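Asks: Heads up: the protein sequence lines correspond to chains A and B, in order.
Quick note: the first sequence uses our numbering, first residue 1419, plus one each step.
Quick note: the second sequence uses our numbering, first residue -19, plus one each step.
Calculated directly from the structure, the hints in this document are not laboratory data.
Just so it is clear, the structure is predicted and the values come from calculations on it, not from any experiment.
Built from N, CA and C at the ideal position, the CB exists for glycine as well.
One or more hints might be untrue.
Covered by chain B, according to a simulated footprint, are these stretches of chain A (three or more residues, beta-carbon under 8 Å) [to be verified]:
id: 1; stretch: 1506 to 1518
id: 2; stretch: 1659 to 1672
id: 3; stretch: 1733 to 1741
id: 4; stretch: 1749 to 1757
id: 5; stretch: 1765 to 1777
id: 6; stretch: 1804 to 1810
id: 7; stretch: 1844 to 1850
Below are the chains, spelled out letter by letter.
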Amino acid sequence: MMSDLNKLTIAEARDALRKGDVTSVELTEACLSAIDAADALGAFVHKTPEIAMDRAKAADARIKAGDAPDMCGIPVGIKDLFCTEGVPSQAASKILEGFKPEYESTVSGQLRDAGAVMLGKLNMDEFAMGSSNETSTYGNAVNPWRAGNSDAALTPGGSSGGSAAAVSADLCLAATGTDTGGSIRQPAAFTGTVGLKPTYGRCSRWGIVAFASSLDQAGPMTKTVRDAAIMGAAMMGHDPKDSTSADLPVPDFEALLTGDIKGKVIGIPAEYRMDGMPEEIEKLWSEGTAMLKDAGAEIRDISLPHTKYALPAYYVIAPAEASSNLARYDGVRFGYRAKLAQGDGITEMYEKTRAEGFGDEVKRRVMVGTYVLSAGFYDAYYNRARKVRALIKRDFDEVFHEGVDAILTPATPSAAFELGQDVSDPVQMYLNDVFTVTVNLAGLPGVAVPTGIDRNGLPLGLQLIGRPWEEAELLNTAYALESAAGFVEKPARWW
Amino acid sequence: MSIDSATAAKVAKLARIKVEEEDLPALAQEFNAILGFIEQLEEVDVDGVEPMVSVTPMRLKRREDVVTDGNQAAKVLSNAPDAREGFFSVPKVVE
């Protein structure tokens, strides 16, 4: 039997499974032990070992019978935002305490049907609102990486912090994430893992707890670009149950990973060179640019003039949609209901349930959303933000029209920061998404690739942004970048 | 545009979130910080720009107007905090 099975990539495990060198039961047992030894990371918040072992046995039978899709027998973690049948799905919120869906989300269902093994549910920011995994009702997820000799606990990023921590610490081979403003790519960059946010519409949103419906998109969080190609393909595809799901064929991304990017045009946007950007991020970015140039790509300076307005537009549009989506949490049909006092009517029930069930950041965003949609402010805030969003998308359309194939930017403005930092100014936390949020507003595919280490030994990532529906080409460019960067560092185990 | 405690209370009411009287000034201050950030949008020239409706130009699909699901009352009610005799149960709505 091979050792350290939980450390395998999806591609390695798949090949070993098919050769009969390993069984899914062995892979799954290795991951379950790793999970049990890693409670300090706060990554898995609902463990499902019985489901995992059942699915592993079924996968082994399927592989033996010669009917094995790529994901068959691969142990994965599922973000708590995905509804999973009979298994708690809380979006890391108290208001969904005790909620066990009677149905399975399309994306987790596709993975299940492909034979993937669910190990459990992963921590996240409450309703995916946050960039540090500190708004979770379960408590913080913790980054497996530490800075130098410090034992200070760092954030794995957010909102898919549990997914990133679990993949980085080898608790699973890969995990699902969701990305509304950077929630896959920022945690991936903070943990030295790969995170792909597909084009809006690639993955069905059905059964994923909604945050901002025009921005939300699921994607894979993996150890390598190849794995993102494999798992991404298994998650995508048309779903009649999501009216915005794209009725387009999903290519075999893995087969298209050649690493050949000769003649491809890579855009470097001037507006992403922020004032006060740490020198290390600047250096990482120029090194990444040089790697793509050495691989034969043409580097072109480009301008995306409305970049500066992406975050403010996002903080109108996302809360507005959230205030509407989260109206369903009323204490009537599912989840938490507050204890009522004598004489309380239905309005008191709504108000107390929502006050007790939602955390501070969620309440803040729901109320900001309510405000920007209220009579008298709808035009000034919401409609203006939607117009600015159209301009942000137009910026991208224009550079793609001029022949740019992909855009290279930093993934985050810093390496992972310490948990428990002062969060009295919510806007400071919002700045984490400065490089990623434009991609959601324009509905584009984006991928974070680990390419370097900072002076404290923490991973840093770059982001590649692609043309809509061209994940295959985007992943191939990411593959070239990954191969050139040769990032192999892993966090030293302390947990 | 500055938000005071009275406006904060009104927004909380619209959002059906109970906020204690003494927490209103701090909430108003947070709103002001966020709205101050958002107000940068006023710098952008949006004349003649249509507000975005859909990020990818696609025709919204239509389906046959037929029943595709149903008869799952027990499942629908299974997560309710209070369900009785096949219904969701709530406190008194009208006096």
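Asks: Against the structure shown, which of the earlier numbered hints fail to hold, in ascending order?
Replies: none
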